[in-house]
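Undergrad: Chains as they are written, first to last, in this note's numbering: chain A, 2 to 460; chain B, 430 to 570; chain C, 68 to 157; chain D, 229 to 405.
Calculated directly from the structure, the hints in this document are not laboratory data.
No residue lacks a Cβ here, since even glycine has one placed at the ideal position from N, Cα and C.
Only true hints are included.
Partial list, derived from the structure: chain D residues whose beta carbon lies under 10 Å from chain C:
id, residue
1, GLN265
2, ALA273
3, SER283
4, ALA291
5, ALA384
6, VAL403
7, ILE404
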Amino acid sequence: MQFKSQAVAKPYFIAAIGLFVGQILFGLIMGYQYVVGDFLFPYIPFNVARMVHTNLLIVWILFGFMGAAYYLIPEEAETELYSPKLAMIMFWIFLVAGVLTIVGYLAVPYATLAHMTGNDILATMGREFLEQPLPTKVGIVIVALAFLFNISMTVLKGRKTSISLVLLMGLWGLAIFFLFSFYNPSNLVLDKYFWWWTVHLWVEGVWELILGAMLAFVLIKITGVDREVIEKWLYIIIAMTLITGIIGTGHHYFWIGTPEYWQWFGSVFSALEPIPFFMMTVFAFNMVNRRRREHPNKAATLWALGTGVMSFLGAGVWGFMHTLAPVNFYTHGTQITAAHGHMAFYGAYVMVNLTMISYAMPLLRGRSANSGPSQVMEMWAFWLMTVSIVFITLFLTAAGILQIWLQRMGSNPMSFMEAQDQVMLFYWLREITGFVFLIGLVLYIWSFFYKNSEAQAAA
Amino acid sequence: MSETFTKAMARNIFYGGAVFFFLLFLGLTFDTVQGLPKRDHRENITDAVVRGKHIWETRDCVGCHTILGEGAYFAPELGNVYKRRGGDFIKAWIKGQPTGAPGRRQMPQFNLTDQQLDDVVEFLKWTSEINTNNWPPNIQG
Amino acid sequence: MDKPHFIRPCTYIWLALMLLTVTTYSIGEAGLGGLTVMLIVIGTAAIKVQLMANYFMGLRRTRWLWRGIVLGWLLLVTGLITIAYLSTIK
Amino acid sequence: MAIWFFIFAELLAFGIFFVAYAFARAHNVVLFNESQQHLNITSGAINTLVLITSSYFMVRAVAAIKQNLSRECARWIAAAIGFGGIFLVIKLFEFHAKFADGITLSTNTFYMFYLSLTIFHFMHVILGMVILMAVMLKARSGGYSAENHTGVETGASYWHMVDLLWIILFPLVYVIH
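From just these sequences and the hints, can you work out the full model?
TA: Here it is as structure tokens:
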């Protein structure tokens, strides 16, 4: 850790992992509700558990992105952070706002929460991933602006590298596209059209810039390969990301009332979207093979390589499976979408955050890497979590295919609930695998404390 | 053909490509927004439909159901439920929840007034008449 | 510094491309249709692209790999187009 | 090396669209043939000649810079940009005529393909001209030499690719049926 102010990243990482645990717990609750419908009803109905699960996911990934920025921007810009104090204030505001929102979801019926928080003035609630009350949404904008001000000023007064510029573009893009969540027209088609500007242009647009910048930073530090080479790869990868991803938004505009030409543009461009993820995998393995130093943090290297592979599998392959319009006609709104969602989110954004945390946390605690045994435990955590996500995706894909076959094909298709009863087996298997994932996560956290006292290697 | 390829060239391709395709996307968005009125029969958006959408959002129905295929996959698709079941069934179903059947998926009781129930049905009726390029594949949704 | 060797052939290539375009245009203007005409026109387009790639883009002077990819792309695209058109004939 | 990667990405995208056009036509031949009659084939042919000539100018530009004649190179690029401009003007007239007839992306599948392919290509011509403009300015100020002129070659290959795509697009959309 070269700069004092990088220590600001530590609370962000800790909060991120804390919220991650919360997300997985609610995931397990929902997984069980799929098989035992009235579990925890009426205290935590499924839609409330889902709000908590998805909102915790997004908030903990944002915490991870902010922590990563607070760690790598000073090091890239070779200067102290503009205002560590502002960063800490924003940390508490964002954490408190997040926790209050989750408590609000759980403690009060959603309609009451909406009434209490001014949803009648400006209705922005009740949409997937954007269920947050108005004050929380405004709070997110304030925190984001303060955060962007803080790191932008740091870069302005320091060295400007491609990695920090790309990260800034990604984070500024994230804040700008979040503004579309305030636009909620009464025409459902327009509402959905611009809702995707927040969701799709996040996860298949600017977030991939952030993913690329973070991965490039970690790879430079771990492999010691020349910065010029890594940053050239970074630019080509994110060029392909935006070239394919922007018009790729069209694969959400097949069936929501938008004109038919989107079926052609959406299919063609989103079919090309796996290319940048494939390039990222080749990039990661290429850099690690051509490494010029043996970095002691083997676990972080494994995470970096895993990010490439799993994001290509989850976002690329599983995305391509149901992105072409004729296929999507049948898979739209089924468990296939859920399967893609799980592996894509884990493979791209969860893993890149865990890569960053796995690389930066030891440095923040005064050593270049954790001890041998703790790294072994961390690798166990890596494989447990990654393999269980693969199985969850396989089970949901199987459930999805069967659901399509029963509910949408053939001469006398079943009703929704009849079809769901036929795929219960896969939901049981998914729930069990979810517990394996939890074990992996617990191991991951434990590995930071396990047998680390004596391995006090110099930072 | 020279083999050297500088980072500056890669950066220019990134900027050029991003701006190019974002402009193209804006153009397509302009054309879509222009053409939407002919497809989404927005002239039928009555006050009831607006109130119905507000109820749909403030009860977070999208937390369990999908509408036009988007949302949660825990409960049936409601984009075409009006055609599948009709308004009266929908109102009776909402009023009669939760079923309380052990082990079955439960829908909360939202205690909607009759006016609110009519509004929700109007919203679902309007949604079912959007030209979605004849999705879903069948009435089951 | 004498004139680069490739100016003269490129001028001829340019004229050839112009000529081929005019023939395609005249076929189109005459409104001719049918299998043979379609094959002629697609063949002309393929030749023009190959000339363009080899001479104008200078692929003749680069490693075999790049020419292979462009040629492969060209064959694939024109081949699939021909298949699509043939499927409508029978 | 990677400029070629970017050119192949463009070729891939256009290639998929060309094949999609061909197979979409296979499903409704009558509609495609009928709508194709309304296209202004003369304007398409002239545009092809214009672009080929413009490409030829870029070949001469590369030849000039290889002889260290940077001012002459800049003049050839200017000519290429000029002809690119002519292409855009002809195209705009053609689009204007179509839009005046009330034809849009949603009229029918043929016009959807015709408009999206030609507009997508139209924007590539504009992007190509922006690149050539940058290269010309640098060439005029002596930025290139016989030993170091990758910029000119890169600009030239991109411009040739844009012309190459049109060489396929013209017969495919305007002529064969």
